[in-house]
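Respectively, the protein sequence lines represent chains E and W. With my numbering, letter number 160 in the first sequence gets 160, and the count goes up by one each step, no holes. With my numbering, letter number 119 in the second sequence gets 119, and the count goes up by one each step, no holes.
Calculated from the structure, these hints are not laboratory results. You may find that some hints are simply not true.
To be verified - If you want the footprint, here are the derived chain E segments under chain W, 3+ residues with CB under 8 Å:
1. 38 to 48
2. 161 to 173
Claimed, not checked - Not everything, but these chain E residues come out facing chain W in the computed CB check (under 7 Å):
3. Q85
4. R88
5. L105
6. A117
7. N120
Fair warning: this is a prediction, and the values are worked out from it, not measured in the lab. Ideal placement from N, C-alpha and C gives every residue a C-beta, glycine not left out.
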Amino acid sequence: MNPHLRASGSAYFLTKDTSEIERHTLSVLVDNEPGILARIAGLFSARGFNIDSLTVSETEHEKGLSRITVVTVASPKVLSQIKLQLERLIPVHKVHDLTAEGKALERELALVKVAGAGENRVETLRLAEAFRAQVVDASTESFVFEITGKPSKIEQFISLMVPLGLVEVVRTGLVAISRGPEGM
Amino acid sequence: MAEKMTGAEIVIQALKDQGVEHIFGYPGGAVLPIYDAIFQQDKLEHILVRHEQGATHMAEGYARSTGKVGVVLVTSGPGATNAVTGLTDALLDSIPMVCLTGQVPTPLIGSDAFQECDTVGITRNCTKHNYLVKQVDELAQTIHEAFYIAASGRPGPVVIDIPKDVQFALGTYFKPTSQTDHQSYRPQTEGDLGAINEAVELMLNAQRPVFYTGGGVINAGPKASELLRELVELTGFPVTSTLMGLGAFPASDEKWLGMLGMHGTYEANLAMHDCDLMINIGARFDDRITGRIDAFSPNSTKVHVDIDPSSINKNVICDLPIIGDCEHVLEEMVRIWRTKTNAPRTDEIKPWLTKIADWKSVDCLRYEPSTDVIKPQFAIERLAEAVKDRDVYITTEVGQHQMWAAQYFPFEKPNRFMTSGGLGTMGYGLPAAVGVQVAHRDALVIDIAGEASVQMTMQEFSTAVQFRLPIKVFILNNEYMGMVRQWQELLHGSRYSQSYSQSIPDFVKLAEAMGGRGIRVEDPEKLDAAIAEMLDYDGPVLFDCRVSKQENCLPMIPSGKAHNEMILPDTADIGNIIDEKGKSLV
Chain E
1 MNPHLRASGS AYFLTKDTSE IERHTLSVLV DNEPGILARI AGLFSARGFN IDSLTVSETE
61 HEKGLSRITV VTVASPKVLS QIKLQLERLI PVHKVHDLTA EGKALERELA LVKVAGAGEN
121 RVETLRLAEA FRAQVVDAST ESFVFEITGK PSKIEQFISL MVPLGLVEVV RTGLVAISRG
181 PEGM
Chain W
1 MAEKMTGAEI VIQALKDQGV EHIFGYPGGA VLPIYDAIFQ QDKLEHILVR HEQGATHMAE
61 GYARSTGKVG VVLVTSGPGA TNAVTGLTDA LLDSIPMVCL TGQVPTPLIG SDAFQECDTV
121 GITRNCTKHN YLVKQVDELA QTIHEAFYIA ASGRPGPVVI DIPKDVQFAL GTYFKPTSQT
181 DHQSYRPQTE GDLGAINEAV ELMLNAQRPV FYTGGGVINA GPKASELLRE LVELTGFPVT
241 STLMGLGAFP ASDEKWLGML GMHGTYEANL AMHDCDLMIN IGARFDDRIT GRIDAFSPNS
301 TKVHVDIDPS SINKNVICDL PIIGDCEHVL EEMVRIWRTK TNAPRTDEIK PWLTKIADWK
361 SVDCLRYEPS TDVIKPQFAI ERLAEAVKDR DVYITTEVGQ HQMWAAQYFP FEKPNRFMTS
421 GGLGTMGYGL PAAVGVQVAH RDALVIDIAG EASVQMTMQE FSTAVQFRLP IKVFILNNEY
481 MGMVRQWQEL LHGSRYSQSY SQSIPDFVKL AEAMGGRGIR VEDPEKLDAA IAEMLDYDGP
541 VLFDCRVSKQ ENCLPMIPSG KAHNEMILPD TADIGNIIDE KGKSLV
């Protein structure tokens, strides 16, 4: 009885989560009401969940619904908590873990500004064509490209633009939808 | 028929239609129209508090002792921010509450106006849901929806922020519809029958079963407690409970193991550690219960009944989750059990019950009696003895006295024990007692308090005097923040940093100054007479019970240890239990 063993010396019992972390894309259907984004973002920060990417836009105007796509990185246990905690929010209709439910289509759009002259300009245009990036603005010293695709494709394009005079980039964040005939 | 009235009148009408009889609140600039509407009616009784935190705890006590939604009304800015502690407390303990807050007029929102704060922003993470109502025509439906959300599913606090211009505006009143058919909020109350069948099957084959019940049984209503008693009777299994679940099962029953967890009984914690089947009904595997997760009940199959899906697998991985309301699930368990067998399994689990009886014989709640000083445990035992034939409601503050109340006061009925479990809010008990007394005017309501906690919301004693609420504040006065002192003894080399109160008010004079009665007792021999005097007085009493100063609250599971490594009362010096290496960890 009463073995005087080692203890943590804290009022809390800490155990380390050693499971592997995974990247998952969640699709969240919500009421498009004031403060909804703060609710979602607040839940992630309050419970210590990660947000890698977050996109929000109204998708069904007549029903007042928005679709939020969240990319998060967590252990399987935390991923299940993220989904369940999101579902607890009153204005949340549905949460789908698109990664867990099979291969989803994932796309992102970026606007990429590149400045340069001479041979670099030619090379920039050649690469843009290979990546199917559209020129949406041009001046004598610069281009702005619009590129869509998987995040990896956009990242590759951006890294190629760095030595050619990359000025700045804006990205929309990821949007995703499941394959096949079923909707959310 | 829809009717036109002002926003303030809509608020009052909606509250009446929701069956509200009492509101706890404090007026201020941004809620004056609502207070004007209160003045012009006499159906709703308004309890004027001394501080908005008091209003929230009163509403919690009111709600937990009645099962109804507690209602709070406060003004904008500081009124709302003062309510935040009670809202958070209600969120963590799943207490149904609707808190109406005034707000500056809509055109001024965001301009840093006088007494403006971002109430919905501040309360977003400490409420189940919150609203800012900008259109008067949305007010009635918002209030009805708020009551539905607060009371249904896993209950919780809901804030409705109402700008002053909306309170003045003329709008349409809508009566509550019988069934709020919410688009996205649909709590699951009926447990999956297949899973319940599976649970009963496990119960029929278990060798070392234990029921681990929690606040969910109380929240599910008195019927759930009856069903729990029936199920325990049918199965013959032992039962333990969390702090929040005390009273759902009678402490006088021989199958009762006492509370479990950090300051739970030896038999309850060892039963949890050694069981082969744990049936968790309405509890959430809180860290004060589990201790070290990796050593928590290592060899058991865990069934978890909870109305909140996010409680499943949050802290402890369970084998058989059942999402549903405790009442429904218990009812099905009883029904299915009856189709399988008529006899309790007492004989089949005899070795287990014998083992439990051995643990019980350790008598983990024994303490050194004294004839010189009043032992706090003794004080609670004498109090319990004095009130045993009365309909008594107990509230507590937070700390050693709270744990002693849980250990030494036998709770026989649900809704009789009001305490701050999840958030651990010092200062909860006195206002909660006021709220309970408002709901049960003729009952005996006692706040078992500590002298440190009670000073946090002391001013509400004045509320009790004003409304003739004869609460009894039973202060176990050891001049220390006892639990802080105990942890400092355990972990910090008995360096009692800031845990001794140099200047404690004379509670007798204080009570008299506020218009109540004060009683002081220091001699164990005079304790019974003093308690009798307290109970006889027909008004609020501050009872200053001077107890031994450095008593530790035992048994205790020290940090980082498993349930079977408890400190029992025979450990003289708890300061040497945790070694240097342990102390250096966070």
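The hints, checked one at a time:
Coverage of the segment 38 to 48 of chain E by chain W holds [criterion: at least 3 residues with CB-CB distance below 8 Å; count 5]. A stretch counts as covered by a chain when three or more of its residues have a beta carbon under 8 Å from one of that chain; for the segment 161 to 173 of chain E and chain W the count is 0, and the coverage is violated. Taking 7 Å as the C-beta contact cut-off toward chain W, the hint placing Q85 (chain E) at the interface holds, the least distance being around 5 Å. For the restraint placing R88 (chain E) at the interface with chain W, the shortest Cβ-Cβ distance is roughly 6 Å, inside the 7 Å limit, so the hint holds.
For the restraint placing L105 (chain E) at the interface with chain W, the shortest Cβ-Cβ distance is roughly 25 Å, beyond the 7 Å limit, so the hint is violated. For the restraint placing A117 (chain E) at the interface with chain W, the shortest Cβ-Cβ distance is roughly 48 Å, beyond the 7 Å limit, so the hint is violated. The beta carbon of N120 (chain E) comes no nearer than 48 Å to any beta carbon in chain W, farther than 7 Å, and the hint placing it at the interface is violated.
Hints 2, 5, 6, 7, counting from the list given before, are not met by this structure.
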